[in-house]
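Q: Spelled out from the first residue to the last, the chains are:
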Amino acid sequence: MRRSLLPAVCLSWLLAGVAWGDERVPPPEFESGYRMPETTVPSPRAFALEMLDIGALFLALTLATWLVLKKRSRTGVAWLGVASLAYFGFYREGCVCPVGATQNVVLALFDSSYAVPIGVVAFFVLPLAFALFAGRSFCSGVCPLGAIQDVVLLRPVALPDWLERALRVLAYVYLGLAVYFAALGAAFVICRYDPFVGFFRLTGGYDMLVLGGCLLAIGAFVGRPYCRFLCPYGVLLDLTGRLSRWRVTVTPASCVQCRLCEESCPYGAINVPSPLRPAPERARAGRRLVVLFLLLPVIVGLFAFLFHLAGRPLSRVHPTVDLAICATAERGLSDKEASDEVQAWRRTGETLPDLVARGEVLQASFLRGGWWLGGWVGLVVALLLIGLATLPVRTDYEADRGRCLSCARCFEYCPTEHERRKALREEAP
Amino acid sequence: MSTSRRTWLRAAAVAAAFSFIVLAVMLALHARPRGENPFDDAEWRALKAELAVHPDDPAAADRLRTLDLELRRAFFERQSRLRVGGVLLLVGLVVALVALKRAQRRTLPEPGAPAAPVSETEWARQRAQSRLAVAVTGFLIAGGALYLYLAIPAGLALPTDGLGSDPTEREREHSLPTAEERARQWPSFRGHDGSGVSPADDAPLVWDGTSGENIAWKTPIPLPGASSPIVWGDRVFLTGATAEREEVYCLDAHTGAMLWKKALVVVGPRGEKVNPMEDTGHAAPTAATDGRYVFALFASGRVAAFDMDGQQVWLRSCGPLENTYGHSSSLTLFENHVLLQLDHGFVGDKLARLVALHATTGKTVWETSRPVDASWASPIVCHPPSGPQVVLSATPFLAAYDPATGSEIWRADVLHGEVAPTPICFDGVIYVVHEDVGLYAVRTDGKGDVTKTHVSWNVSDDAPDVASPLCDGERVYLLTSRGTLTCVRASSGEVLWGHELEADYYASPALAGDVLYLTSMAGVTTTVGVGDTFTQRGSNPLGEGVFASVAFAHGRIYLRGKDHLFAIGEVR
Amino acid sequence: MTALTRRDLLRGVALVGVGSAAGAAAVHAHGDDTVWQIDPELCGQCGRCATHCVHPESAVKAVHVHALCGHCDLCTAFFEPDSKLDTGAENQLCPTGAIRRRFIEDPYFSYEIDEQLCIGCAKCVKGCAMFGNGSMFLQIRHDRCNNCNACSIADACPAHAIRRVPASTPYLLKSAH
Numbered sequence: 000m001r002r003s004l005l006p007a008v009c010l011s012w013l014l015a016g017v018a019w020g021d022e023r024v025p026p027p028e029f030e031s032g033y034r035m036p037e038t039t040v041p042s043p044r045a046f047a048l049e050m051l052d053i054g055a056l057f058l059a060l061t062l063a064t065w066l067v068l069k070k071r072s073r074t075g076v077a078w079l080g081v082a083s084l085a086y087f088g089f090y091r092e093g094c095v096c097p098v099g100a101t102q103n104v105v106l107a108l109f110d111s112s113y114a115v116p117i118g119v120v121a122f123f124v125l126p127l128a129f130a131l132f133a134g135r136s137f138c139s140g141v142c143p144l145g146a147i148q149d150v151v152l153l154r155p156v157a158l159p160d161w162l163e164r165a166l167r168v169l170a171y172v173y174l175g176l177a178v179y180f181a182a183l184g185a186a187f188v189i190c191r192y193d194p195f196v197g198f199f200r201l202t203g204g205y206d207m208l209v210l211g212g213c214l215l216a217i218g219a220f221v222g223r224p225y226c227r228f229l230c231p232y233g234v235l236l237d238l239t240g241r242l243s244r245w246r247v248t249v250t251p252a253s254c255v256q257c258r259l260c261e262e263s264c265p266y267g268a269i270n271v272p273s274p275l276r277p278a279p280e281r282a283r284a285g286r287r288l289v290v291l292f293l294l295l296p297v298i299v300g301l302f303a304f305l306f307h308l309a310g311r312p313l314s315r316v317h318p319t320v321d322l323a324i325c326a327t328a329e330r331g332l333s334d335k336e337a338s339d340e341v342q343a344w345r346r347t348g349e350t351l352p353d354l355v356a357r358g359e360v361l362q363a364s365f366l367r368g369g370w371w372l373g374g375w376v377g378l379v380v381a382l383l384l385i386g387l388a389t390l391p392v393r394t395d396y397e398a399d400r401g402r403c404l405s406c407a408r409c410f411e412y413c414p415t416e417h418e419r420r421k422a423l424r425e426e427a428p
Numbered sequence: 000m001s002t003s004r005r006t007w008l009r010a011a012a013v014a015a016a017f018s019f020i021v022l023a024v025m026l027a028l029h030a031r032p033r034g035e036n037p038f039d040d041a042e043w044r045a046l047k048a049e050l051a052v053h054p055d056d057p058a059a060a061d062r063l064r065t066l067d068l069e070l071r072r073a074f075f076e077r078q079s080r081l082r083v084g085g086v087l088l089l090v091g092l093v094v095a096l097v098a099l100k101r102a103q104r105r106t107l108p109e110p111g112a113p114a115a116p117v118s119e120t121e122w123a124r125q126r127a128q129s130r131l132a133v134a135v136t137g138f139l140i141a142g143g144a145l146y147l148y149l150a151i152p153a154g155l156a157l158p159t160d161g162l163g164s165d166p167t168e169r170e171r172e173h174s175l176p177t178a179e180e181r182a183r184q185w186p187s188f189r190g191h192d193g194s195g196v197s198p199a200d201d202a203p204l205v206w207d208g209t210s211g212e213n214i215a216w217k218t219p220i221p222l223p224g225a226s227s228p229i230v231w232g233d234r235v236f237l238t239g240a241t242a243e244r245e246e247v248y249c250l251d252a253h254t255g256a257m258l259w260k261k262a263l264v265v266v267g268p269r270g271e272k273v274n275p276m277e278d279t280g281h282a283a284p285t286a287a288t289d290g291r292y293v294f295a296l297f298a299s300g301r302v303a304a305f306d307m308d309g310q311q312v313w314l315r316s317c318g319p320l321e322n323t324y325g326h327s328s329s330l331t332l333f334e335n336h337v338l339l340q341l342d343h344g345f346v347g348d349k350l351a352r353l354v355a356l357h358a359t360t361g362k363t364v365w366e367t368s369r370p371v372d373a374s375w376a377s378p379i380v381c382h383p384p385s386g387p388q389v390v391l392s393a394t395p396f397l398a399a400y401d402p403a404t405g406s407e408i409w410r411a412d413v414l415h416g417e418v419a420p421t422p423i424c425f426d427g428v429i430y431v432v433h434e435d436v437g438l439y440a441v442r443t444d445g446k447g448d449v450t451k452t453h454v455s456w457n458v459s460d461d462a463p464d465v466a467s468p469l470c471d472g473e474r475v476y477l478l479t480s481r482g483t484l485t486c487v488r489a490s491s492g493e494v495l496w497g498h499e500l501e502a503d504y505y506a507s508p509a510l511a512g513d514v515l516y517l518t519s520m521a522g523v524t525t526t527v528g529v530g531d532t533f534t535q536r537g538s539n540p541l542g543e544g545v546f547a548s549v550a551f552a553h554g555r556i557y558l559r560g561k562d563h564l565f566a567i568g569e570v571r
Numbered sequence: 000m001t002a003l004t005r006r007d008l009l010r011g012v013a014l015v016g017v018g019s020a021a022g023a024a025a026v027h028a029h030g031d032d033t034v035w036q037i038d039p040e041l042c043g044q045c046g047r048c049a050t051h052c053v054h055p056e057s058a059v060k061a062v063h064v065h066a067l068c069g070h071c072d073l074c075t076a077f078f079e080p081d082s083k084l085d086t087g088a089e090n091q092l093c094p095t096g097a098i099r100r101r102f103i104e105d106p107y108f109s110y111e112i113d114e115q116l117c118i119g120c121a122k123c124v125k126g127c128a129m130f131g132n133g134s135m136f137l138q139i140r141h142d143r144c145n146n147c148n149a150c151s152i153a154d155a156c157p158a159h160a161i162r163r164v165p166a167s168t169p170y171l172l173k174s175a176h
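Chains as they are written, first to last, in numbering that gives the first Met the number 0: chain A, 0 to 428; chain B, 0 to 571; chain C, 0 to 176.
It is worth saying that the hints were derived from the structure and are not from the lab.
Some hints could be false.
What the hints assert, rightly or not - Just so you have them, the derived chain B footprint on chain C, three or more residues with Cβ under 8 Å:
#1 34 to 40
#2 86 to 92
#3 164 to 173
What the hints assert, rightly or not - Label pairs and their calculated CB-CB ranges:
#4 Asp-113/C x Asp-56/B: 27 to 35 Å
#5 Glu-114/C x Asp-56/B: 39 to 47 Å
#6 Thr-177/B x Thr-50/C: 20 to 28 Å
#7 Pro-414/A x Gly-11/C: 36 to 44 Å
All C-beta atoms, glycine included, are put in the ideal place defined by N, C-alpha and C.
Okay, chain A solo, but in the shape it has when bound (with noise of 0.2 Å):
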């Protein structure tokens, strides 16, 4: 009774509307004298509070280059930390932030219809600007997901040197996918799969969740894994640290060769000297570099190939790919069985030919794009490898100039600058 009852109420309706639709209500004049409540439309956070934030960041990363580098103060950086995490993090909710702000800038680069706010370049470039003379100092005292990280760390532990640098080739990986597919169109991978934004929000997807809470409690024990083994933007600070003008440097003075700043750097970015090696080794280590540039080329373009291949499936990230292979797919469905997304794309008239083409179109530059990608992970592969079958020649423990994250704890273990800070003392008064 009642299965039958139900489709005559929706046909009733359905009659109704159509009678209906013929005569679209136009909107009465009033005799009462009513007035209509106009509709409200509250302002976004003003321009000059944004502006604010670059200044923000600028103070930080002055304030922290200087306690870093002249203050030499791990107290400083730590709170300095904190205070970042309180306002570009829990304030600020962690939008927007230079490692996000990286897509924003390739997709400027590479879409000219994107017209990025030049307040998101001026997250891009500070750091940056600054990591190129004076180290990486937006990680530890500005950077929000480094800070939540960094005060998470209790008992760290040294990872084996093989570990540590096979887990760092997943970073640059990472920064291909994320410029591929920001460069595309395709996504903002960065911002989907932040681990901790959920953190500063108090809430969000519970996959999210789960992740950023499984690389906190990692980061009870192995210092800030995501900064380390994930970052893109890690990357790019990695490199243009290599170039700083000024460096952390461990020691004030000479070298004591005491081995603590090794055992107090919680992200084994302490090199430690190399033992002086025979002539036999050497001549290894030669044959096996030559070996390695000729293997070079091979390398980038075996992954530049593989990438090429696999950039068909990962086109599907793109929205209106997967859009014309799930339309192509439903085309035979009714409207009403149909996916949202191809409903949607129904109702703009759109013959499924057009989109394919689109989709084609897309899709080829994915096969392309593909090439670099696998090109640059090829590269990264390949030069690591060379890195490694080299020799370098260092009598002394130094904080390594791109993966030094400029934290300043090594300055408190060194015995050295203990003698400096008790002459400073003693001048003082």
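Given chain A, put chains B and C in place with the hints provided.
A: Then chains B and C, alone, in the frame of chain A:
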């Protein structure tokens, strides 16, 4: 273990336990379905279904109301609890973390003896291990890429089963009208081909708007406009606008009742305002229809499509249009394209263009820029044997374009000054007129610059400045705004006769059967017989001033006066 | 002595590189910020706005442009299909009772949205678009929106109706011109 350390550890344990409890409560809250979605409760839906069967059961309604209130309350309470829980969890974790750090604080280690350098074999072993690890990682990444390629299908190919190559549902439902169907209607300015010639010869010859003689109906039109009516089936469409409001009207052709009246709905910020002259107004361009949609253009440069039921389907903003008098070119249709002659500004401004919009979506199909001044003429589509052409007139040239692609076919440098009359096409010849240069006959079978090769003849006597020419097949008639009617032989350009009508004219002349309809600004329509001599048939007053041109359809004449739309003919 | 080292040279090159990348990006940049907004013309009322915002209470709300509203007694944005014209909960379409119906004068009623209660589910929008004038539609409310760099509703929107608009004109309201 010092006492303070123990205290801190205890504090940390308490804070951690607190956080754990908060987390557990939040998870429990999350797991409970009630309140997650206020309209997704099973009990609620069951009650709702029951109520649909027994709509007059007060007890059921009551139960539903109680449950509904409970659910809504649960929904908002759940949200606020989760919010508070998040803050509490954060506080608990921060306290635990601080306490743990305090407990951990210890004195720095003393420097030991200088370390012995790493032995060389150990170093070499480590480096080899790291190389292997990086190589394996690279291998795994490469494997991942290969796996993606092999495992995820993402091929894009148009299916060959024919299902996909069909047009979309909407286009299937409303297929484009045939040329014959269009010719029976009056779908755009001066009819389906822009000639002003009625498809039938059953138009009324005598009426009087002041006494109501032979007037089927007259309906007041809310907003002013110089645009002319168009007709499709039993519906008449018209546009009207002020600076603030742009409207499209649909009237019942039988009764004159307003079926719908729709204002253009603009989304987002309004564009710059335009200031047309009062005579032109904001609604000078005549609308066009293909029986599926009606397309309307206004002086602001806004174009909108409405379906036959008055639902706005799309809106495009092509403005603002730099035009001293106000934009007045009407739109015309070619297959599924809406053609807009957007000639505005001056040559140097590089603003003028011809645009084709997709009729169902409003998206730009093609756009051709035109090095011309502003024009007030409308585009026409003609079908010479060489293929369809859309012909536009503006200073300095008359030009034809391929309506499918927008590429220019030919042009003739024959115009200068302000161009208002719309060209007409008859038997493969375009007749274009301008008050300074006179009437030109240009053949359409040329390519490129045809000024020297395809202009058949030119007469410069008494050329009109506003009204468009008319051709009965053998003769071309010209009507100036001062009322001089001139008849020219179409084949040779020989002037056959001229006559002063003693009235002012903006409306373009029209032809039904063998009678010319000439409507003056005062609203008097003079009927004149076609032929090699002037013969006046009659004079029909409307009782209202007229700027717009007449529309013929199904034995009636539709004429827009200053305030009303008149249907002339017998009451049905 | 300040000899130019290889590192100085490379730094110069990197500076030029970063600078020109930023410069090239900034060619199309504008001082004005951008914010996310829903184009009501494209919105398909799928209901995902209510559930896909990063905030548990969505920043998307239904807004009502009263000037476009027909002020009908039988409002299909307010009443369940085929229900009695009685404001009892069983007849209301809105799951949170966020629409207030008020009599103005015969035969007109006004419908106001209580933003505190609205969850952005678009049920009323669908009702209004199907049979009414479309005067109710969804908008992102900028006092609630976080303006994420990648809007998670925009990612989920099947009609791609959410796009970046200049912050100086942050709403895409409908108006009768």
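Q: Take the C-beta atom of Asp-113/C and the C-beta atom of Asp-56/B, compute their distance, and say whether it sits inside 27 to 35 Å.
A: 29 Å, holds
Q: So the hint says 20 to 28 Å: do the beta-carbon atoms of Thr-177/B and Thr-50/C match that?
A: Since Thr-177/B and Thr-50/C have Cβ atoms about 48 Å apart, the given range 20 to 28 Å is violated.
Q: Examine the stretch 164 to 173 of chain C for residues whose CB is less than 8 Å from any CB of chain B, and state whether their number is three or more.
A: holds (count 6)
Q: Please check whether the stretch 34 to 40 of chain C has three or more residues whose CB lies within less than 8 Å of a CB on chain B.
A: holds (count 3)
Q: Range first: 39 to 47 Å. Now tell me if the beta carbons of Glu-114/C and Asp-56/B are that far apart.
A: This hint is violated: roughly 34 Å between Cβ atoms.
Q: Verify the CB-CB distance for Pro-414/A and Gly-11/C against the hinted window 36 to 44 Å.
A: Because 37 Å falls inside the window, the suggested range holds.
Q: Count the residues of the stretch 86 to 92 of chain C whose CB lies closer than 8 Å to any CB of chain B, then report whether that count reaches three.
A: Satisfied; 3 residues make the cut.
In terms of the numbered hints stated before, the structure departs from hints 5, 6, listed from lowest to highest.
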